[in-house]
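Engineer: Following the hints, put chain B in place on chain A, whose structure we already have.
What follows is the residue order along each chain.
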Amino acid sequence: MNKNSWILYIGILVFGLVAPFIFPAFKVQLSILCVLIVLATTWNIQGGEMGYNTFGNILFYGLGMYLCASVQVGMFFPLAEWTESGGEKTFVHTPSQFFQGMAAGLVVAAVVPTIVAGLIGYAILGLRGHYFAICTLGLGVAAGEISGGIEIIGAGQGFTTPPFPNIGGLEARGEFFYFLSFGALVLTFIAVRAIYTTRFRLILNAIRDNEDKAEAMGIETMKYKITGWMISAFFCGLAGGIMGGLVGYIDSTDVAFDGREMGVFMVLMAILGGKGTLWGPIIGATLFHFFKEGFWTFFLGWQYVALGVLIVVIVIYFPEGLMGWLREKYPERFGEVVDEADRKAQIELK
Amino acid sequence: MITIQACLDGLLLGILFALIAYGMALQWGVMNIINIAQGDLVILGGYIAYFMYLYGIHPAWGVIVSPIIMYFVGIAIYKLVINKVVDRDLFISILATFGISILFMQLMNFAFGADVVLANSGYGTTMLFDNNVVLPNSKIFSAFISIVFAICLVVYMKRSKLGRAIRATAQNARAAKILGVDTEKVYAATFGINAALCGVAGALISITFTIHPYMGLPYTIRSFMIVIVAGLGNLPGVAMSGMGLGIFEEFADYILGTEFRIGSVFLLLVLILVYRRFKLSRKREYLK
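Respectively, the protein sequence lines represent chains A and B. Residue numbering for the first sequence follows our numbering, beginning at 1 and increasing consecutively. Residue numbering for the second sequence follows our numbering, beginning at 1 and increasing consecutively.
Here chain A stands alone, though its shape is the one from the complex (with noise of 0.2 angstroms):
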């Protein structure tokens, strides 16, 4: 590491810090900017890095929204009352209370699903290429479809979060939850960046170009892919949760197992930063965050159909995504070595 990213790494912390001082207005949307940037680098670890495209993250981002929410509320209260009210305020929680129970929260909402990912890996990830990403896809739908009808956790009216107690008049929800998010992207960053200096991330890319390969070369390839997906389903429980919060309210389909939405999105967002790479994803989550809220804003009612314009080409004509785009114009900046002469003639037998 030398010392241009230490200065980059340092300035955009400071800013991480600063930035709900200094844009008050847009607390919300920075928290949940920092959402997405999670999940589109946790996604990354799939997609790019290993070659299998998943529209199943978007469970383990339900399961740490419903469980932190659960943990929350049913470590004080009577979980089915409390759903049963349908967010009137019956119980309250004081300071104290909600600041453990979302503690509490975050841990399950962590852990659970990570150990979800590595029961279920072994079966899922036996598949491969479009039958993984439609298996993942029906996983997704499913898990909306199914907690749509539990009661205790709301079926189809939804469930309130704990709303977040008055501290001697002082507002200080929207700092809370924008710190939150920030520190799960700071400690999903400096995660994924140690995980990609390993041999680790050579596996997953070994995995991805040619897994028979791969396995003939001795590495248990499943190990290291079930490894990668609960890696993946740590961080994308713990956004899941810190959404949930946020929202202040889950709905199955259209909040938690929205596959529809954020399941899509954060397949884009890696995309168009450009799949494989460290900050593709980042990059990438944070253009899309821009485009939507301006579609969002200016295209009112039309922005589903602006979204699905916006896939549609973002596929079509830019598989590769801006990190791709760069890597090709400037390769040397990618640390590859570029014979002039033998360019040109690459060029020239096109």
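Among these hints, one or two may not hold up.
[Stated by the list, open to error] Partial list, computed: chain B residues near chain A (C-beta under 8 angstroms):
{"#": "1", "residue": "Ile-92"}
{"#": "2", "residue": "Phe-98"}
{"#": "3", "residue": "Ala-188"}
{"#": "4", "residue": "Gly-192"}
{"#": "5", "residue": "Leu-217"}
{"#": "6", "residue": "Phe-224"}
{"#": "7", "residue": "Phe-251"}
{"#": "8", "residue": "Glu-259"}
{"#": "9", "residue": "Ile-262"}
{"#": "10", "residue": "Arg-277"}
{"#": "11", "residue": "Arg-282"}
These aren't lab readings, by the way, just hints derived from the structure by calculation. For glycine and all other residues, C-beta sits at the position ideal for the given N, C-alpha and C.
Structural biologist: Structure of chain B alone, referenced to chain A:
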């Protein structure tokens, strides 16, 4: 009695699913594309029949009108999007058609509203077994029409020149090209035929069941499931697994409750894929 009722309902429903799945198998086999927007094409076909019903024409005529319109819709989609993803990775086609699916869903929501609608055919019902089993005639009608269309299509694929070209392209696109088949045209026609099949199925669904702009994805998943169980280009298999799925769904509806119906379909897909994966992994193979 409930058992017989569920079986008969499932059988008639399954024939409809098989028709949609046949379109899926056709485009998958010929163009190597998985079309997530399949279900949305079905729903769009349903809305065409529903509109004829609103304007006082009997919705059963939708069975003729809807495929004609949908054929051109299919060609338009092919020219705009699909022809750019045919030779690419399958995941690209999945994502691109996912985009089309979202687009269609929302456009239909604007154009037709978010209400659950059905076109009333006024066909009445048939009572069987001492009035214990109730079968709407519209279901029998729709199953009959589906079978007629399926037979027509099979004969067309076997006998006509275009059908031969489509089969040749499915076997080996490059060889077909060398032998003078205009594969681009064949692809467009295949996608158009698939959309037309969806149109027929949609019109029948709007008569028998209900349609709603967001109901497309389950139909895609059902047809995908039927195709992977039956295999590509195995028409009797598609019909059998379609009916099996229909019966499964009716029983899931009856035993688990209606709110878990769609969920159980998606879960069944996961279970089937996992089962096949374990079966194949004994021979050190995997689903391709």
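Engineer: All the hints need checking, so say for each whether the structure fits it.
Structural biologist: Going down the list of hints, with the structure as the test:
Hint on B/Ile-92 holds. Least Cβ distance to chain A is approximately 6 angstroms, under the 8 angstroms limit. Taking 8 angstroms as the C-beta contact cut-off toward chain A, the hint placing B/Phe-98 at the interface holds, the least distance being around 6 angstroms. This hint is violated: B/Ala-188 has a C-beta 17 angstroms from the nearest C-beta of chain A, more than the 8 angstroms allowed. Nearest Cβ of chain A to the Cβ of B/Gly-192: about 19 angstroms, over the 8 angstroms cut. The hint is violated.
Because the closest C-beta pair between B/Leu-217 and chain A is about 7 angstroms apart, less than 8 angstroms, the hint holds. Annotation: B/Phe-224 was flagged as interfacial toward chain A, and the flag holds, the nearest CB pair being 6 angstroms apart, inside 8 angstroms. Interface restraint check for B/Phe-251: the shortest CB-CB distance to chain A comes to about 17 angstroms, outside 8 angstroms, so the restraint is violated. Given the 8 angstroms rule on beta carbons, the hint for B/Glu-259 holds: about 4 angstroms separates it from the nearest Cβ of chain A.
Restraint check, B/Ile-262 versus chain A: the minimum CB separation of about 5 angstroms is within 8 angstroms; hint holds. Taking 8 angstroms as the C-beta cut-off, the interface hint given for B/Arg-277 holds, the closest approach to chain A being about 4 angstroms. With 8 angstroms as the threshold, the beta carbon of B/Arg-282 stays out of range of chain A, its nearest partner Cβ sitting at about 11 angstroms, so the hint is violated.
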